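Going down the list, the protein sequences come from chains A and B. Count the first sequence with my numbering and you get residues 20 to 442, in order. Count the second sequence with my numbering and you get residues 20 to 442, in order.
The reader is advised that the hints may include incorrect statements.
No copy labels: a pair is met if it fits in one copy or bridges any two.
Taking lysine-lysine and the DSBU-like style, the derived pairs with C-alpha atoms no more than 35 Å apart in a straight line are [what the hints assert, rightly or not]:
#	residue 1	residue 2
1	Lys370	Lys354
2	Lys351	Lys135
3	Lys171	Lys135
4	Lys347	Lys405
In short, the hints are calculated from the structure, not lab data. Here the structure is a predicted model, which is why all the values come from computation and not from measurement.
Below, each chain spelled out in residue letters.
There are 2 protein chains.
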Amino acid sequence: MISWAWNVAGIVFFVNFVVGILFIFSTMENFSFCSPTEFIFGRGSQEQVGLALASRRATMVMIVYGSDRIRHTGLLDQIESSLTAAGVRFIEYGGIQPNPTAESVYNALPIARDNKVDFILAVGGGSPIDAAKAIALGTLYPGDFWDFYSGKEQPQFALPVGVVLTIPAAGSEGSGNSVITNEETHQKISVRYPNVLRPRFAIMNPELTMTLPWDQTAYGIVDMMAHIFERYFSNTPGTDLVDSYAEAILRNVMDQAYTLRHDPDDYDARANVMWAGTLAHNGICGVGKVEDWSSHRLEHEISAFYHVAHGAGLAVVIPAWMTFCAAKNPDKLWKFAVNVMEVDPTGKEHKEVIDEGISELINFYHDLGLTTRLSELIGETPDIEKMVASLHRNMGDTLGNYVPLSMDDCREIYRLADLPTEE
Amino acid sequence: MISWAWNVAGIVFFVNFVVGILFIFSTMENFSFCSPTEFIFGRGSQEQVGLALASRRATMVMIVYGSDRIRHTGLLDQIESSLTAAGVRFIEYGGIQPNPTAESVYNALPIARDNKVDFILAVGGGSPIDAAKAIALGTLYPGDFWDFYSGKEQPQFALPVGVVLTIPAAGSEGSGNSVITNEETHQKISVRYPNVLRPRFAIMNPELTMTLPWDQTAYGIVDMMAHIFERYFSNTPGTDLVDSYAEAILRNVMDQAYTLRHDPDDYDARANVMWAGTLAHNGICGVGKVEDWSSHRLEHEISAFYHVAHGAGLAVVIPAWMTFCAAKNPDKLWKFAVNVMEVDPTGKEHKEVIDEGISELINFYHDLGLTTRLSELIGETPDIEKMVASLHRNMGDTLGNYVPLSMDDCREIYRLADLPTEE
């Protein structure tokens, strides 16, 4: 009898010991963080672009941009005058579309090589910046640049990239990320090579964003918030500091969004949103955490097949993803509801608080003028099976970390994303 | 009568016009922000120091440190083994005191030059890091290194500096700042040269801070919070985003402090405090704002004359500075009371809220075991006139921005800092 009791005590001790050891090491993750980009921020800052390039010894610059809007607003002229005054030569490469394609990169590479381009300057938002990064990777590489996106190769170097930002959203001006769509293969692939792809400088004049149409402003706000969500929703314990400033940035972006909805020319609101977009994606909100990029991956299939704006797709995916995760891993969603959506939890069930938080987020998206229903967004009944098959091909059997998602789970999230929502 | 009315209308219109113009341009300040330091963070990270140096082509390193504590804990051995394994040679330069002196810099310079040192590695907290930066400035300069502190010269270059951080407080591991005390002249001078002085890398292992005596932990917490205060208390409008993440960091540091008071070995609390110390001073909490360094300047006189720890001096100065400013510029102090000290403003007068916020901060300092009374800190009646005279000599006629302080105001703040406080 005594020996039996001792055995039990021994087992209990052993289990406690193992749990204790696991607990001790269950802490914030080790990390390395380096954000070497120089952010040159404020009114008139685009006039410094020539100096920013010349001081980095650029001699021949490829200016990568999207539509001719920057020509009509006079921005391109201002930039080119600044380069000329600083003695920096340049060529233009315009026409980059939203969700930039591999084709646009392939077309740029011989031009960059023939002109001995030694610096890429992106002017615009995430699309020209991501294309500029791909061109920077491809110019010095004798093989197929897509190798760096397909995972076949890891880059050791790239041409330096600078940015004049006109659409705050993607956070690409401060990140080492690039997302390129291969239309042949229906793949939208995101890579992260911070050591070679972080821009050397980013010129950020909030005034340049005042003429943005409202929908682009709204998509940008949804996108930058999503960049924080993908880092915030994590099972890594002990990261309260990062979580608390991430929550502060999220709350502030929503405040600025309401200001801009009524006064798109509010300089400070534009400036705060612009800086928030950078902080949302330069990595500072993810230090020490295992991140989760499921919502982005789920969205990439939507924009790859239906050619909708990334931010518009995220407004559809995120509430569905949250609703799905609420049943499986509720704790951080509760914290989100209380600390970000400012739901008062007094006297409420855990689940009630979370549901209210998700509803508040949906209301916020609706207040921005966005739909949160997939079929309404794409204007047809979504082919969920096609998206799941493509997701499976691109990402394998599971997705994400906060709740690891099987392909069945992803199918369910797309289904939830197409339910009508009540306010 | 009509013409008189029109004249008034004209004047009113003109005044409105001018005020309107001022208002339009009264926004966030332009800024340039670049934090190129690589932060290598987490358990065991000191083992990467050799690689961090070798990959930056260091061949002969001067290891600058303070007391022999790092020798006794085995840290110095670990670092030197890592350097040897990476093929990096080194010499030691220890004995840097708290509030590092110009003399310790002068003594190091011929050694650095004779040994052809090409990289300075600081091991410890703010004092060795600030001394390392001064040595980095002085080694390549044929003149007197103090020229860069007295304001006679602006540096164009310096040797590269790396850091192994063991005391989170000064934030010097991520800043371009250095504070050196000239004992001959009783001057404690702070300089900011981000382009040349920001460390190339900072190795931050929270475990190394677990053996810190409590008072050093507490001083560090006071110091990092002060670095945020000096940026937070600003009259620059439109900086809500920065303010909200600054508030989040302040609240979190106080939470972690209470955890560490009871459990100094809590890894995550140590990790959060360590990262907060970096964010508090790498500039990210000050972007777009006119800063105010009055409290630091007022404290520098105390530690220069009475040889007390900088953090201990700040705990005395800050509540007095706040009390003085409350009457002249209350708005941000109200925001601080509500958003940082979490005072419930319901049904309270503006002044009552502010007073409660300051009291809560004083209570927090007392909970850390610190005094907030000057004579108790220095163990004698303070010679306020001597400090004011020195302040005047170092800083001129006025100090700071949030409330510009005359020397009479500074005298009054020192007087307030010596009043007994009630809890």
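Evaluated hints:
no. : hint              : result
1   : Lys370 <-> Lys354 : both (12 Å within a copy, 33 Å between copies)
2   : Lys351 <-> Lys135 : neither (50 Å within a copy, 54 Å between copies)
3   : Lys171 <-> Lys135 : within (26 Å within a copy, 44 Å between copies)
4   : Lys347 <-> Lys405 : within (26 Å within a copy, 65 Å between copies)
Hint violations for this structure: number 2 only, all remaining hints satisfied.
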